[in-house]
Amino acid sequence: MIPAFLAICFFVILTIPFVGVKYKGILVYLAIVVNAGLTGYLAIQALTGLPFETIFPGSTVTGAIALRLDALSAWFILIINFIFITGGFYGFFYMKAYQNQSKNLSLHGIAFLLLYSALISLTVIQNGMVFLIAWEIMALSAFVGVIFEHEKMATVKAGFNYLIQSHVSILFLMLGFMWAAYKTGSYDFQVLSNYTTGEKGAATVILFTTFFVGFAFKAGFVPFHTWLPYAHPAAPAHISGIMSGVMIKIGIFGILRMMLVIKPDFAIIGYIILVVSVISGLYGVMLAIVQHNLKRLLAYHSIENIGIIGMGIGLGSIGLGTGNLVLATLGFAAALLHVWNHALFKSLLFFTAGNVYQATHTLNIEQLGGLIKKMPQTAFLFLIAAIAISGLPPFNGFISEFILYSGLYHWLLDARLLSLVAIVFAILGLVMIGGLAMLCFTKAFGVVFLGNARQAFKHEVHEVSFQQLIPLYLIVFFIVAIGFFPGFFLKLLIEPVSLLAGNSGVAGIFEINTMQTMQQISWAAWGFIVLISVIFIVRKLVSRKRTIAVEPTWGCGYVKPTANMQYTASSFIRSYTKLFKPLLLSYKKEKNIQGIFPADGFFESHPYDKLEKWLIDTPIMEFKSFMSRFIFLQNGRLQFYILYGIIFIISIISIPIVYDMFIHLIGYFKQL
Amino acid sequence: MLSFILILIAGAFFTGIIIRTKSIASGRKGPGILQPINDVVRLFKKGAVYSRTTSFIFQMAPTIYFSSVVMAMMLIPFGQSKGLISFNGDFVFFAYVLALGKFFSIISAMDTGSSFEGMGASRESLYSLLAEPAFFILMGSFALLTGYTSFQEMFAALHLGSYISYAIAILATFVLVMIAMIENSRMPIDDPKTHLELTMIHEVMILDNSGFDLGLILSAGYLKFALYGAIIVNLFIGMVPYPYAIPLFFIIQFLLAIIIGLIESFIARFRMSHNPQFIFALTSVSLLIFFGVLLVLGKFI
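Chains as they are written, first to last, in this note's numbering: chain Z, 213 to 884; chain L, 58 to 358.
Since the hints were derived computationally from the structure, they do not count as laboratory data.
Check before you lean on any hint, since a few could be wrong.
Said to hold, decoys possible - Quick list of the computed label-pair ranges, beta carbon to beta carbon: (1) Z:Q806 with L:L65: 55 to 61 Å; (2) L:R328 with Z:S716: 55 to 61 Å; (3) Z:K757 with L:L65: 23 to 29 Å; (4) Z:H362 with L:H252: 54 to 60 Å; (5) L:L352 with Z:A479: 49 to 55 Å; (6) L:H252 with Z:K364: 35 to 41 Å; (7) Z:V633 with L:V106: 51 to 57 Å; (8) Z:Q311 with L:M329: 51 to 57 Å.
Note that beta-carbon positions come from the ideal geometry of N, C-alpha and C, so glycine has one too.
Work out the full structure: start from the sequences and follow the hints.
Laid out in structure tokens, this is it:
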């Protein structure tokens, strides 16, 4: 299987540059489908309790390379496969607009395939060194994917921002693996695991925290999130969908994997993750609301959802630490299910945002409006995803949030004072996240798709081709299916959750605790749909004979309303921004209208990230101003540069000598 | 099932009693108690006017809004008898299904492209999000107090014994009444009788609804009052047998309607900018309840 997987990758990567521009996409897509079939087969076996393991001899540098596909890897592999199959199909049609950039498309195709292979490999490789190499391949191929439209300055900037931050992430991972290799003499995860089983206390917590920070960069936990809102809007829609849907999840995977390997003090780790996650969730959605760029808004929502996933992991970990198996089960189940749920609705949202971009060539929601009449299918798909991401029933987002709530309320029943504070904090956080997400998506959907067009476009705005919508409908199918048959999908989770909880009692807990409730929720969801249909039919029957008139919107007596009089996105959230002002940052430019014959006035506002300003911009500025003191050294004269070279060489030679002399001197004094 | 029917009956009278109380308080005779129902019936018989700007969202939204309230009603128990649907954590479903209804009422307001309705939608979404935490903390307190996480089990196990538990019940009633007022956009938050679109919240969102749809929205509002009333009733009836519990249900609902009528008669609407503080203060009240429960359980070390 593995040689076949690699052979397909290599063969396709080598042939893409030489085939015609029409076939590049098909070739890449075929490779992904075949590889998805191969890995999917293994993954499904692992989910039914047959993990797969193989060990390559490797080299002297890396040591033996172990590939282990357990239930946790399997869960992530299936998600990656699904999103790449739908995203690849969508991307194939999305990229048709760029047919004339043949070379660029080749590179993009290669990067796309490499990203897929790297993500799949990361879930199975259990050797620190090789893991880092695969990680680097993933980071670089995603970078190439992001900068597809590299003629735009903003895109390249966003790409570099991402590249730098993902290397900071690699730095932390490298530190972690080096420390592990130093202690154990091997890069193998199994060896590390054996080592840490005996080791308790601060060492494992610090090692885990190092890995956590590294993976948190990729996942986008606050305050390591600042690359996300740049990279996602810059990338083509299918890349943003995949990045947000699965690539950031590999960070989550890493955290879960390291939890299994290192087995740190779960209670402490759990509290840390819980607090970081609640803050991520709240901060992400708070900033999402103020964004004007649709994809940027979605990117901030990814941070929010990573927060929700993290809350699940935190709860699970605390459950493990305190021996509360039900809490552990519910927490991990919520986290894993939400990983998939978020992959579904977030990729769908990015794809629909891509449709909007293709139709209108803008993502600024203040310029959009009324698209539901031009693009009814896209609007419908966006609406489903918006309801799902707000965590509202009867769709999938509700299911995972519900499990999270069940976990929290279950924990409440046997909590002490400290944990009670944590629970109240988490419940408040989760509720606020839900409410704010609703505010955000009523804004996004309402402003982009409803009302009248805020701006006339020179070109005609129309729905994208039906083929391009097929994968989107497939995603919707799963969003709805999870909402209506949650029990079926939860059964798939038994193996991975048992693995994480390290206990086979999980299946029993599922059976007693969750399945019955899920059955009821499923009934409730069906009942809700039946109720809506019945009332809708009654409404149709009753109003059939009545006179139905179509008139302009009631303008409170004003008869010449224009599209500019509509509530804009900024005005919709104005009371919110006033309320949350201390936490938000916005740069404004305005010129008021004054005088009897006023000149043109204007108002611009650019939302910005306060944490980004504090943690990235300010330190960089300080560093720059500090470094600028030494600018006299760079005077452009060759003689000086040679002098610097000589000084450098002399000091390299003399420092050890001086040091020795110093030691000698000290010894001399000691004799006194 | 029992609670469903009782809430339907109570919903029919509730708003009428409020209006009657307000009329009497302001020295008028006022319309009959069934007048709101007559209004809805009349609306059901009427044709409708739709805005040219609207889409299928506007057609669907009132139905979904109404269904969400009916769905929430099904979750409410009555003393020992369960609601139509009952499971662990059903109050989460309760809050979220109501939120779904609100989601649709907000986007249907946005669908008209009217600036007034956008204004109402913006306020509604902000205020409802601020009111939500209070409800969840309140339910968390009950879960902690009783050791159960479904409406029916929680209320059935809720014994009022000590002074602190009475204090808790009274505070909980206060929180629930206020949540009901916010959910229905009533007095301290919003004035349903105001004449100026700029100062409305709920009323301005439904400016363009007419006929059957408006009837649905209005009746959903009536039911919502009875819905929260029923939760409050459940705080007190716990183990009481049906022959006493059913009259008690109507008495408490009746009292509640009168209290709301009096609040509306004697309190002025807050300034729009003061609303968020007030609503969020509810969360602190429910935190107070939470700490009260901790005191009762002796977990406050």
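Q: Please flag the earlier hints that this structure goes against, numbers listed from lowest up.
A: 5 and 6
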